[in-house]
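2 protein chains.
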Amino acid sequence: MKIAILTFDGFNEIDSFVSLHILSRIARDDWTVAIACPAETVQSTNGVRIGAQQPLEFANGADAVLFGGSPRSREIAQDRAIMSRLELDPQRQLIGSQCAGAWFLAKLGLLATRPACTSLKSRPALEATGVRVLDRPFVASGNVASAGGCLASPYLAAWVMLRLAGREAAARALGIVAPVGQKQQYVAAILDVVSPFVAAGAEPVATE
Amino acid sequence: MKIAILTFDGFNEIDSFVSLHILSRIARDDWTVAIACPAETVQSTNGVRIGAQQPLEFANGADAVLFGGSPRSREIAQDRAIMSRLELDPQRQLIGSQCAGAWFLAKLGLLATRPACTSLKSRPALEATGVRVLDRPFVASGNVASAGGCLASPYLAAWVMLRLAGREAAARALGIVAPVGQKQQYVAAILDVVSPFVAAGAEPVATE
Chain A
9 MKIAILTFDG
19 FNEIDSFVSL
29 HILSRIARDD
39 WTVAIACPAE
49 TVQSTNGVRI
59 GAQQPLEFAN
69 GADAVLFGGS
79 PRSREIAQDR
89 AIMSRLELDP
99 QRQLIGSQCA
109 GAWFLAKLGL
119 LATRPACTSL
129 KSRPALEATG
139 VRVLDRPFVA
149 SGNVASAGGC
159 LASPYLAAWV
169 MLRLAGREAA
179 ARALGIVAPV
189 GQKQQYVAAI
199 LDVVSPFVAA
209 GAEPVATE
Chain L
9 MKIAILTFDG
19 FNEIDSFVSL
29 HILSRIARDD
39 WTVAIACPAE
49 TVQSTNGVRI
59 GAQQPLEFAN
69 GADAVLFGGS
79 PRSREIAQDR
89 AIMSRLELDP
99 QRQLIGSQCA
109 GAWFLAKLGL
119 LATRPACTSL
129 KSRPALEATG
139 VRVLDRPFVA
149 SGNVASAGGC
159 LASPYLAAWV
169 MLRLAGREAA
179 ARALGIVAPV
189 GQKQQYVAAI
199 LDVVSPFVAA
209 GAEPVATE
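In order, the protein sequence lines correspond to chains A and L. For the first sequence, our numbering gives the first residue as 9, with consecutive numbering after it. For the second sequence, our numbering gives the first residue as 9, with consecutive numbering after it.
Derived from the structure by calculation, the hints contain no laboratory data. It should be emphasised that the depicted structure is a prediction, and the values quoted were computed from it without experimental measurement. It is possible that some hints are incorrect.
Unchecked claim - Stretch-level coverage of chain L by chain A, calculated; a stretch enters the list once three of its residues show a Cβ under 8 Å from a Cβ in chain A: (1) 11–25; (2) 28–39; (3) 76–86; (4) 124–135; (5) 152–160; (6) 189–196.
To be verified - Which residues of chain L face chain A? A partial, calculated answer using Cβ under 8 Å: (7) I43; (8) P46; (9) N54; (10) R57; (11) Q62.
Glycine included, C-beta positions come from ideal geometry on N, C-alpha and C.
Please model the entire structure based on the sequences and the hints provided.
The following block contains the structure:
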């Protein structure tokens, strides 16, 4: 399994790194999680420069693609030089977004008939374009999911794990990162939010 | 206020970046949060290379110093070339750790009489050195705090904000990053865990 966490200039550190870390806890030899960027380095919203682990095109062959958010997501989603490098397909890939990352889903036409979750800051402008935004931390419809509020990122990571690695592996990975003394309730609360979107009506991902 | 997030090779991405992001949400001109490293770049436990925002010595003049954890924390805490660059003082600074970062607190002699929280993985070896480890996500004693489980990092960030910016500012910053549709409960749950350690027996930080 290959998972691309698409990370652009101005990126929200929580969005990209919580997913990277939790998904890496699956710890299988055939499981690759990578920060994929449009340039060799990108700078976070709070000024940390990081090196890309993969180019943006890594997403095109990935089993799951997550768009982190940033104050610049809306603008970057309109950048043809960047977007033309992406060839994503919700028939064969899981595609998810965190907060303002929903602008990418909208640009890809994935929110025309699906509701979305996003940050309170992005909500009004997304709604103005016709997207139905929910007052919830997470929603998935088939192979497309979105989360709202940076610390909703464990929900998005849990969804990817439930879909690609199964419930036992997802619960184990979440248990490792959950707060000590609260692990059982913490994992159960995450799975309670996400599981209904996996059990009911999820199309299995067809991978090569 | 200056806050140093000490970040070493092998660092856990959640430990360093969740604190950086949440603490930056205070968004005051006189409030600086920075990733401080022993070298110009360091690489995370999952292979992401990042640039230091400040050298390690930034911590010596900081109002709060947070040690992130990593599989290498125990070894790095024994590295004289690194540790000799730190001159920390719990009388004038808040000092906190996340997960394996507790090895640094132990090395600095801060856990001789204080209980600590840490990851389940670090617990047995820390206990073997005589540290009392709690089955809890967070504990503070005066100006020293520790958290266990990567996703306990919002507790550690909340503690710093409660001590340095007050309850209202802390609740506002946490509310911005909390999951949509769960913000009120989420913030209340974090403050419930941390507030008892601030209200009772906290010595105010004396800053220059």
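Comparing the hints with the structure gives:
no.: 1; hint: 11–25; in the structure: holds (count 4)
no.: 2; hint: 28–39; in the structure: holds (count 4)
no.: 3; hint: 76–86; in the structure: violated (count 0)
no.: 4; hint: 124–135; in the structure: holds (count 4)
no.: 5; hint: 152–160; in the structure: holds (count 6)
no.: 6; hint: 189–196; in the structure: holds (count 4)
no.: 7; hint: I43; in the structure: 6 Å, holds
no.: 8; hint: P46; in the structure: 16 Å, violated
no.: 9; hint: N54; in the structure: 5 Å, holds
no.: 10; hint: R57; in the structure: 4 Å, holds
no.: 11; hint: Q62; in the structure: 11 Å, violated
Going through the hint list in order, the structure does not satisfy hints 3, 8, 11.
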